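Enquirer: Sequence:
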Amino acid sequence: MADWDCGWPAPAKINLFLHILGRRADGMHELQTLFQFLDFGDSLAFRLRRDGRIRRASGPDGVAAESDLAVRAARLLQERAGTRLGADIALTKRTPVGGGLGGGSSDAATVLVGLNHLWETGLDAPALSELALGLGADVPVFVGGHAAWAEGVGERLASAEPREPWYLVVVPPVAVATAEVFSDPELTRNRAPITIRDFLSRGGGNDCEPVVRRRFPEVAEALDWLAAQSTIPRLSGTGGCAFGAFADEARARRARAKLPARWRGIVARGANRSALQVRMDTLTGA
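So the sequence shown is residues 3 to 288, counted in the working numbering.
Hints are computed from structural coordinates only; laboratory data are not their basis. Treat the numbers as computed from the prediction; the structure is a model and nothing was measured. A few of these clues could be false.
Label-pair restraints from in silico Cβ distances [what the hints assert, rightly or not]:
1) R275 - A67: 25 to 33 Å
2) A181 - R86: 50 to 58 Å
3) S69 - P175: 46 to 54 Å
4) D53 - R216: 45 to 53 Å
5) G124 - D5: 40 to 48 Å
6) W6 - A230: 19 to 27 Å
Glycine included, every Cβ here is placed at the ideal spot set by N, Cα and C.
With the sequences and hints as input, model every part of the structure.
Expert: In structure tokens, the structure reads:
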């Protein structure tokens, strides 16, 4: 059997803002957001199989293999490419589940990109992005590998270059279900569209924050705690992680040292090119 190919990164993301413009006839929401990656996330390893089986060697606790986005991504790619190869997939999970950091979406994207390379299936970026969208609205940005201004349901992407500060991400012991937030009747759904220039000059908020604050008091407490650390607190995605930007790593680490013991703190740098994209550029000589 082949050796394991290890160290495939699945970086976390943050939403620098998230505005909801309306709800479509199909129930999905039109939005605007700015995705940026973190130099932190999960890691995957692959071992090629000649028998065509897709087998999960390790994965997130409490998630059945058949429901795991990483497994679904591998099977979708296998079917689309028509390959007879299979793979064992091992996931080292670091990104909190239900934290709004895109862990499952990033895992799926790394499977698509990694196995497309290892299986030598030759699908190009648009084809991989099409597969990615079938797995979830956040998956294409991870396949693209660059910070992006996103519209539609999150699939219309334009590369962006926000500044890359150090962040402290606060992880309260809660998991927020995206569907629960988007189905809340009090969710704001009528924001007027803005431009990148608008965001750069005036900033933006997260329309999910009032709902998450009301439903999850510990997230509200984390946001308020960050505000007291001389940073602007933000909610990533639908939560429950909160984050604030700092001028340098030392200041972010000093803030983390003050965290209440019941919360986890992640110090990470913003990255406009994802670690997955950096690895692929190295492998392909780009």
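Enquirer: Honestly, which of those hints from before does the structure not fit?
Expert: Structure breaks hints 2, 3, 5 and 6.
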